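Sequence lines, in order, name chains G and R.
Residues in the first sequence are numbered consecutively from 3, following the working numbering.
Residues in the second sequence are numbered consecutively from 7, following the working numbering.
None of these hints come from the bench; they were simulated from the model.
Predicted, not measured: the structure shown is a model, and the values here were computed from it.
One or more hints might be untrue.
To be verified - Here are the simulated EDC-like pairs of lysine to aspartate or glutamate, each with C-alpha atoms no more than 20 Å apart in a straight line: (1) G:K83 to R:D140; (2) G:K29 to R:D140; (3) G:K50 to R:D140; (4) G:K83 to R:E119.
As the list claims (entries may be wrong) - Which chain G residues stay away from chain R? Per the calculated CB distances, all over 10 Å, these: (5) Y13; (6) R41; (7) A54; (8) K68.
Glycine is no exception: its CB is placed at the ideal position from the N, C-alpha and C atoms.
Each chain is listed here by its residues.
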Amino acid sequence: MEDKKWELRLYIAGKTEKSATALSNLKKYCEEHLKGQYRIEVIDLMIKPQLAEGDQILAVPTLVRKVPEPIRKIIGDLSDKEKVLVGLNIIPA
Amino acid sequence: MSKSKKAGKRPPAGRRLQKTLTGIAGLDEITAGGLPTGRPTLICGGAGCGKTLLSTEFIVKGATLFNEPGVFMAFEESGAELAINVASLGFDLEQLQKAKKIKIDHVHIERNEIEETGAYDLEGLFIRLGYAIDSIGAKRVVLDTIENLFGGLSNIGILRAELRRLFHWLKEKGVTAIITAESGEGKLTRQGLEEYVSDCVIMLDHRVIDQVSTRRLRIVKYRGSVHGTNEYPFLIDEDGLSVLPITSLNLAKHVTMERVSTGIPALDKMMGGKGFYRGGSILVSGTAGTGKTSIAAYFANQTCAEGKRCIYFAFEESPRQIVRNMRSIGLDLEKYIKNDLLQFHASRPTLHGLEMHLVSIYKLIKQFKPSTVILDPITNLVTVGLMSDVKAMLIRLIDFLQDEQITVMFTALTLNSVVSEQTDEGVSSLVDTWLLVRDIESNGERNRGLYVIKSRGMKHSNQVREFIISDDGLDLVDVYLGPEGVLTGSAREAQQIKERTGIALQDYAINAKDREISRRRKVLESKILGLQTEFESTEEELNKIYMQEELKKQVMEGSRQEMLRLRRGDAAADKNDKKNGR
């Protein structure tokens, strides 16, 4: 697991409180569990709305795990750490 | 475009609700101009009732007919699936997408792919939709079926709040939107979406009655607008969806004085010498085997012979059968079929429901633009609907045909030959002309009698005519009214022969009398001649006697003078005496 690269994408819509919370939560979890193996790409749909369709984004914030496959999605402000880690398959369920 | 149309139609409508034409046949009529412009409309109904189709057609028609681009947000099917599904209706979604006329956005929600943690909103959906709308300048939006969100997301509280926001947002965007939803138990929609979308709600329904399915549409509400409140049957066929208003709102029909021939000269004569009114409706009723189809075929033949078009809807026989059968009475319908003047449409009444029949009739008439339509026989339609339904259907059909100035002829089978006034599917009061063909049974044979029971607005014969079908075609013959009553068929023939014999005999008798008279005349003439001769001889006799007398007198006078001369002297006195004595 350690040598795998994690590609995470966080879709937000403007600098809202929810997106800020989500981003800070995500960074915190990644630093704790995936230090040095991850890359977070933040996509603001307000700026690039055309990207919403590709990843089937409905809700914001949405975290998409592009790599490793399969794609996983977590929506919400990522406040539940346990759920996020399980959802991203960082820790087993 | 539709906005300006609407505004143009109703001048004082500045503050009136603006409407957007859907382009769906019939729907614009019952909504009095379409869906509310710039507002969301909810379309609800059970599975397979045509929600997706209606909304797709709304988008496609908008793009193709009204130049209003549209966004179709599909929550159920992918764009490719949708394109395939509607390709059978002749909608080319691919092409329209390429032309930037429409945009299909498939929203895929898979519950097991999504984990929810903490607060979120559906801004992503808004952005997507907003982007799609802006990218093609859409005026129309369809969300089909937005309730799928409830299956994909578990936080109902957020979802409801977001949906409410979405509908507000759609209004602000000023797009005319259709939101589809499954109907739920006791509610219009499963998730109670009618709470949010309250401007216009249309309910679709798919019912099966007596194994015949009928789709119906009802406008549950339409804020700020008049609308038809009835359930309107609608139909999905290869041209999409068509709704039909049950009754037209008024009876203000255009009428004409123009007449059309029936194709049977003798029948024309019965109808004031000219035939039916164009645009009128004619009912030909009669018991089995009385020649109703033949009358109809003659009418069709006449129409085509005049170079006009005719559609023949056959519910009993196949077209080939009719063509063959009519050939036996001297009609060649085949050539008109080839000329494209005559179209046959045969379908078993049970093939589909009444509405479907009606709609398919409508459509064919719209396409073919005939001047005559024949339905043969309407009686069979009862097998697929209640009497009242059939009547309602025929009223609508007659209304429609009258509007189009198309003459229609129905044939109907009367089951009871005794009651001639039996109303045939109750249409007899609707039709303008009612011909009744009846069996007249006498002397062990069956003959056909034809009456004109009614014919509005024209002088028509009150006579019963014998209706004869022969190799040469149809003809009407005066029945013989004699001391023995009405005579038809061979009895009439016999009577005619009898009459002809009578005339011959009479002729002969007159000749004989003539000869007799001339003979007697000759006899009398000869008698006169005889008498004349007799008269002459008698006269001669008389003359002879007279001459003799004269001679005698002369002789006697002579001899008396002689005697006087001899007795001279005393003879002067004697002379006076003798004269007196004589």
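Outcome of the hint check:
| no. | hint | result |
| --- | --- | --- |
| 1 | G:K83 to R:D140 | violated, 38 Å |
| 2 | G:K29 to R:D140 | violated, 34 Å |
| 3 | G:K50 to R:D140 | holds, 13 Å |
| 4 | G:K83 to R:E119 | holds, 18 Å |
| 5 | Y13 | violated, 6 Å |
| 6 | R41 | holds, 20 Å |
| 7 | A54 | violated, 4 Å |
| 8 | K68 | holds, 13 Å |
Hint compliance for this structure: hints 1, 2, 5, 7 are broken, all remaining hints hold.
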